[in-house]
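Number of protein chains: 2
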Amino acid sequence: MTSDECQNFDIQYSLFNIRYSIFCNMETVLRFKHEDLLDFVVRYMTKLGVPAGDAKIVGNVLICADIRGVESHGLHRLGSYYGNRISKGWIDPLTPFKIISETPSTALIDGGNGCGQVVSHKAMKMTIEKAKSAGIAAITVRNSNHYGIAGYYAMMAMRKGMIGISLTNSQPLVAPTFGRTAVLGTNPIAMAAPSDKAYPFLLDMATSAVAYGKIQVYEKKHEHIPIGWGIDEQGMPTNEPSLIKPGGHGALLPLGGMDITAGYKGYGLAVLVEILCSALSGGNFLTNVGGPGKPEPTGVSHFFMAINIEAFRPILDFKKHMDDMIALLKKSPLAVGRDEIHVAGEKEFEYAEFNEIHGVPLIKPIVDDLIMEGEKIGVPFDCPHVNE
Amino acid sequence: MTSDECQNFDIQYSLFNIRYSIFCNMETVLRFKHEDLLDFVVRYMTKLGVPAGDAKIVGNVLICADIRGVESHGLHRLGSYYGNRISKGWIDPLTPFKIISETPSTALIDGGNGCGQVVSHKAMKMTIEKAKSAGIAAITVRNSNHYGIAGYYAMMAMRKGMIGISLTNSQPLVAPTFGRTAVLGTNPIAMAAPSDKAYPFLLDMATSAVAYGKIQVYEKKHEHIPIGWGIDEQGMPTNEPSLIKPGGHGALLPLGGMDITAGYKGYGLAVLVEILCSALSGGNFLTNVGGPGKPEPTGVSHFFMAINIEAFRPILDFKKHMDDMIALLKKSPLAVGRDEIHVAGEKEFEYAEFNEIHGVPLIKPIVDDLIMEGEKIGVPFDCPHVNE
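First to last, the sequence lines map onto chains A and B.
Read left to right, the first sequence gives residues 1 to 388 (my numbering).
Read left to right, the second sequence gives residues 1 to 388 (my numbering).
Be a bit skeptical, because a hint or two may be false.
To give a feel for the contact side, a few chain B residues facing chain A, derived at Cβ under 10 angstroms [stated by the list, open to error]: (1) 30; (2) 176; (3) 206; (4) 262; (5) 285; (6) 311; (7) 324.
Pairs of lysine-lysine, DSBU-like flavour, derived with a Cα cap of 30 angstroms [claimed, not checked]: (8) 125/A to 319/B; (9) 98/A to 132/B; (10) 160/A to 132/B; (11) 245/B to 330/A; (12) 294/A to 319/B; (13) 132/B to 125/A; (14) 122/A to 320/B; (15) 132/A to 125/B; (16) 319/A to 294/B; (17) 330/B to 245/A; (18) 98/A to 320/B; (19) 319/A to 98/B; (20) 330/A to 294/B; (21) 294/A to 330/B; (22) 132/A to 122/B; (23) 122/B to 33/B; (24) 132/B to 132/A; (25) 98/A to 160/B; (26) 245/A to 331/B; (27) 320/A to 122/B; (28) 331/B to 294/A; (29) 319/A to 125/B.
Calculated from the structure, these hints are not laboratory results.
Since the model is a prediction, treat every value here as computed from it, not as a measurement.
A virtual CB, placed ideally from N, CA and C, is assigned to each residue, including glycine.
So that you can see chain A by itself, here it is in the shape it has in the complex (with noise of 0.2 angstroms):
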């Protein structure tokens, strides 16, 4: 791959800069079993006091990350959004959620401060079997935290037959239209569909232009970002990624960039997200949303929906539709310079598929990490890779 393919390749996915580095420096990735990951979170969030049922689901969350590519929402994380919070009582480990309110099609949870994933996973279970008789239900979840990649809940409705929908809010990190400070989450929209032969659909996207993560690979490569994706601390549009530090000064644009590019259409979606998600659970919204370092509750809020295709059409006739829509899309023509055109999804699926049989890969840098948590509380990190 030629440093500029490279770079075209970090710039499609908008992941974080840990691709560019696994990328360019495929020496330096580690590849591991699945199955060894997950015993490694599991020994470590049950060290930490989470119930191992639970542990499981938060390991499969994280490395269900890794696998598709989605590092900065992989193990990456353990200990900086998860472990270190549970240590210092931040993150509850039992996450006692409680049902505040339910109907057969809705349910509104307590999320009771615990790990995110737990909830989540737990409400996506629900509105999915109430969707099984209901045809469609939605549940939101607050008082909950970082509940990692969006897009895993959206898929396991999904793998029911059923469209997926997930939501949440989250940190400050994004000004909106005609502001000059963070106020809205990167509120990210996953939505997962089932198709036959072509790989289901998976948008998983944040509706800022751009994670802050790849901001901060163009400053650490000296290198000016394009206008669009950031503003400084006057709340005008800059090239310089310095001069964007949300929460100290300037903030991420959302999708659309400045006002000219329709920039207030993703200022409108993060609104959307933060509606669904806030809104109707009564949870914490904007400014009030916490980050991983914030040594108190985040009080994130979630928005989980899942609709029965069935209750509508047959099951195949929707499947043969999308997989007639996605060959379409496909087969339609090419910019110049282009090879392919892609739906959103595909590439993480044909990644995790490569993953799935060479191993979970993880850069060094992430591997010592992973160590050093391990050490801080006992549980050493003893995965062997399985580098070929």
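Assemble the complex: chain A is given as a structure, and chain B must be docked to it using the hints.
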């Protein structure tokens, strides 16, 4: 309003070229009583065989667009999108819709190639009724036609104390990322949520970077467009508006623009809309969806959803939350040179209030067009203007 302010106003709203005329040439605007215009539409549509009650629905949806400043979707289209197509037998004036499948919280409706507004109004009413008892409900419609502004139906649910969602696919104008031809519609996403003291939230946005009409404005003014709005016939970004003629050559770009500014997210959102509308209903998709000029049924599909807030938490608490959230957004620090942060829908609600008092604004060319369309079928446009 200065020329710069005028352009800025145009850019912010992302609407049709007519807006530019309205705000730059105030003298060309004629104002009419809502009920006079509605009466004209009813006489016009009934003459074409549309039942009076249905004609009133069409009129209300179209006039609502003009009142809210979305002239592109208002009476401007009465002839070209609706009347002429009914006259030619391409839309069935009786809208013989059929419920294909139904559960207490879902339905699939065949629109009978009737008026998009009529079946959509009925579908959203059904959705609201179902959500009243089920908590959440969704209905898809296939074999329909253009339904006007997506936000109209979302607001129907909002006025009943629910969150309303309305989506539709549409004729191909937008290229997928790395493509070079129009394959996707501008596939709008609309969501409305009630508030108490603040204006309600109403996001009503195309998933393209801009509307095609906006590119036409720049072409007429012989001005360049920003990079990110559209591509030429090679699929390359262009600042030359005349190179973008979807259906002929070039195409609009999805929200986000090129891939480097995350256009693949807007592309993903357009496919999300396509799935919920056409895959869930079995309707036409992508390039098989027709536009107003196509001499056959367009086969447009819609998706409606209503979330009964009371199923989750007391509506008053929700509305208070909305007010607090909107206040926090609006009082967040401003970018240099900006004087207000807006929330989706706010300006349109404000503009609508003004117009309900002072009369529905129509520019002279649209009035002339309505006179001409009326003459074609012997229904005189004899509404007196009420300009002060």
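Cross-check of the supplied hints:
{"no.": "1", "hint": "30", "verdict": "30 angstroms, violated"}
{"no.": "2", "hint": "176", "verdict": "5 angstroms, holds"}
{"no.": "3", "hint": "206", "verdict": "8 angstroms, holds"}
{"no.": "4", "hint": "262", "verdict": "5 angstroms, holds"}
{"no.": "5", "hint": "285", "verdict": "5 angstroms, holds"}
{"no.": "6", "hint": "311", "verdict": "4 angstroms, holds"}
{"no.": "7", "hint": "324", "verdict": "8 angstroms, holds"}
{"no.": "8", "hint": "125/A to 319/B", "verdict": "29 angstroms, holds"}
{"no.": "9", "hint": "98/A to 132/B", "verdict": "24 angstroms, holds"}
{"no.": "10", "hint": "160/A to 132/B", "verdict": "27 angstroms, holds"}
{"no.": "11", "hint": "245/B to 330/A", "verdict": "22 angstroms, holds"}
{"no.": "12", "hint": "294/A to 319/B", "verdict": "28 angstroms, holds"}
{"no.": "13", "hint": "132/B to 125/A", "verdict": "24 angstroms, holds"}
{"no.": "14", "hint": "122/A to 320/B", "verdict": "29 angstroms, holds"}
{"no.": "15", "hint": "132/A to 125/B", "verdict": "24 angstroms, holds"}
{"no.": "16", "hint": "319/A to 294/B", "verdict": "28 angstroms, holds"}
{"no.": "17", "hint": "330/B to 245/A", "verdict": "22 angstroms, holds"}
{"no.": "18", "hint": "98/A to 320/B", "verdict": "23 angstroms, holds"}
{"no.": "19", "hint": "319/A to 98/B", "verdict": "23 angstroms, holds"}
{"no.": "20", "hint": "330/A to 294/B", "verdict": "25 angstroms, holds"}
{"no.": "21", "hint": "294/A to 330/B", "verdict": "25 angstroms, holds"}
{"no.": "22", "hint": "132/A to 122/B", "verdict": "26 angstroms, holds"}
{"no.": "23", "hint": "122/B to 33/B", "verdict": "26 angstroms, holds"}
{"no.": "24", "hint": "132/B to 132/A", "verdict": "19 angstroms, holds"}
{"no.": "25", "hint": "98/A to 160/B", "verdict": "29 angstroms, holds"}
{"no.": "26", "hint": "245/A to 331/B", "verdict": "21 angstroms, holds"}
{"no.": "27", "hint": "320/A to 122/B", "verdict": "29 angstroms, holds"}
{"no.": "28", "hint": "331/B to 294/A", "verdict": "23 angstroms, holds"}
{"no.": "29", "hint": "319/A to 125/B", "verdict": "29 angstroms, holds"}
Hint check: a violation occurs at hint 1 only; the rest are consistent with the structure.
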